[in-house]
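Chains as they are written, first to last, in the numbering used here: chain A, 1 to 153; chain B, 1 to 391.
The set of hints was computed from the structure by calculation and includes no laboratory data. None of these values were measured; they are calculated from a predicted model. Where is the CB? At the ideal position from N, CA and C, for every residue including glycine. Careful, some of the hints might be misleading.
Stated by the list, open to error - If the Cβ cut is set under 7 Å, some of the chain A residues that face chain B in the computed set are:
1. G18
2. V19
3. R21
4. P24
5. V43
6. W46
7. V111
These are the residues of each chain, in order.
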Amino acid sequence: MTVDDSDGFGAMVTPVDGVARFEPPVDSVSAPFWDGTRQRRLVLPWCTSCDRAFFFPRVFCPHCGGSAISWREASGRGEVYAVTVEHRPQNPGMAAMAPYAVALVQLDEDVRMLTNVVGADPASLRVGDRVTVAWEPLDDGRHLPLFRPDESS
Amino acid sequence: MGQRVERTLRGAAAIVGVADDVSPTGVLERHGRALEVAMVLEALDDAGLTLADVDGVCHAGSSMLFAEYLGIHPRFTDSTNTGGSSFEIHAEHAAAAIAAGLCDVVVGVYAATPRGDRNRPPDPVGRRWSPSVESMQFEMPYGLRQPMGPYALSASRHMAQYGTTSEQLAQIAVSTREWATLNPRARYREPITIDDVLASPMESTPLHRLDCCLVTDGAGAFVMTSAERARQLAKPPVYVLGAATCHDHSMISQMPDLTITPGAVCGPNAMAMAGITPGDVDVLMGYDSFTITALLHLEDLGFCAKGDGGPFAADGRLGPGGSLPMNTNGGGLSYTHPGMYGMFLIVEAVRQLRAECGPRQVDGAEVAVAHGSGMVLSCMSTLVLGTEATL
Chain A
1 MTVDDSDGFG
11 AMVTPVDGVA
21 RFEPPVDSVS
31 APFWDGTRQR
41 RLVLPWCTSC
51 DRAFFFPRVF
61 CPHCGGSAIS
71 WREASGRGEV
81 YAVTVEHRPQ
91 NPGMAAMAPY
101 AVALVQLDED
111 VRMLTNVVGA
121 DPASLRVGDR
131 VTVAWEPLDD
141 GRHLPLFRPD
151 ESS
Chain B
1 MGQRVERTLR
11 GAAAIVGVAD
21 DVSPTGVLER
31 HGRALEVAMV
41 LEALDDAGLT
51 LADVDGVCHA
61 GSSMLFAEYL
71 GIHPRFTDST
81 NTGGSSFEIH
91 AEHAAAAIAA
101 GLCDVVVGVY
111 AATPRGDRNR
121 PPDPVGRRWS
131 PSVESMQFEM
141 PYGLRQPMGP
151 YALSASRHMA
161 QYGTTSEQLA
171 QIAVSTREWA
181 TLNPRARYRE
191 PITIDDVLAS
201 PMESTPLHRL
211 DCCLVTDGAG
221 AFVMTSAERA
231 RQLAKPPVYV
241 LGAATCHDHS
251 MISQMPDLTI
261 TPGAVCGPNA
271 MAMAGITPGD
281 VDVLMGYDSF
291 TITALLHLED
301 LGFCAKGDGG
311 PFAADGRLGP
321 GGSLPMNTNG
331 GGLSYTHPGM
341 YGMFLIVEAV
351 RQLRAECGPR
361 QVDGAEVAVA
371 HGSGMVLSCM
381 STLVLGTEAT
391 L
């Protein structure tokens, strides 16, 4: 995959030819997250009562039960919490990408997301590697948040 | 029938909070999880309690998905669905659980908006066997292979945090296969070595094929009755000494710590109820969906310290002749694994305690643990079983 970071909204990842991912649905609660991805912005739900981010988006804060939720842009940075390399994807639409890395990334905002880490040999990735968000376009104008290793790690 | 011991639920539990939401128009503005959460919070408020007090959840779809949404880690869970009577059954089960000391505060919930749904796209609320709408948005697009991918992530984290090696995981498969060689009904009965495991195809790193459970047909059943009635039947009763449950996530990205399962809560709870410690366990039936699963059970049930599961298993003590017989039927790794394998833990534990296991019999077995694992390390449930001598 090529990575392009020229426009300031976060690196674009060109999808590999012939890849068909499972397309994520949108619901009323997650709409702000997906709307953010249209501009390649990673936005997270924050509870204004206890001032903590949470993920996945919910109608209330799972930390404190509060219902005053705001959306804030995340730094886009985090580290690899766990990683596995898929050699034999279940989704035939992703076979062209194999082998690819699926990782849990712990964002600096202290929430964890499942994602793919791209832009590096999957076998070279290690727990603890610092990563930054990159974006792969979906068909409807949204983008999927992926991550790529930071240069210095 | 012999002397009946008086057992009753009467007066043991009480309903302390209620809420409902209806509309004269027949249409509510809120729907789905928003409506369910609102009802739970209103009923808790009516009771003067909060979510932090709740340790039991009932839902006619998936109590596990609903608990994940709420961010709670219940030790009583009920997804019974019989249609409209589900909620009275939830209350009956909750009362019995409270009376037995399994939990203290249980919430039950229901929400449906058939009228308002006519004017909006379908909103799958915790439907039991289909992926949750959250899973579809935040996990499925990334191509994590099921079922082994989430377990591979756990193994990845455990290796990074504790230095656990592929060889140590492989030894678990080797020891389990040793038991299968003694079981004429096991799927695979040829001994394997660590090298065999490491040479088997990589499924989802770091898990090789021989780190993964089988895909086979299989079936089982159990019959349970009162201790009094059991003593009148032909075979030696296997008593339930302890039982406890806990779940703290449904999908892997919601697991609080990928190296600690909710077995760390329910294992000790069940053993405390039974009045035993890990040293008293003669046979450990720990759901081995993958070698990493079995390793986590050893730590979370207290057989070794957190992080030490690899070295603990590495000397082969889990196999025949070892100090901790584990998965004596050959396990999900070598005996059978049709998808939800927990029934077979119970069947083998009972057979061991009745001394029916022939070449694989653990001599003098009196205490067995059947520790079930569900979804992706999401829900654990521990049964401590014992012979008459343990009462």
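These are the hints, each one checked on the structure:
no., hint, verdict
1, G18, "violated, 14 Å"
2, V19, "violated, 9 Å"
3, R21, "holds, 5 Å"
4, P24, "holds, 4 Å"
5, V43, "violated, 14 Å"
6, W46, "violated, 15 Å"
7, V111, "violated, 10 Å"
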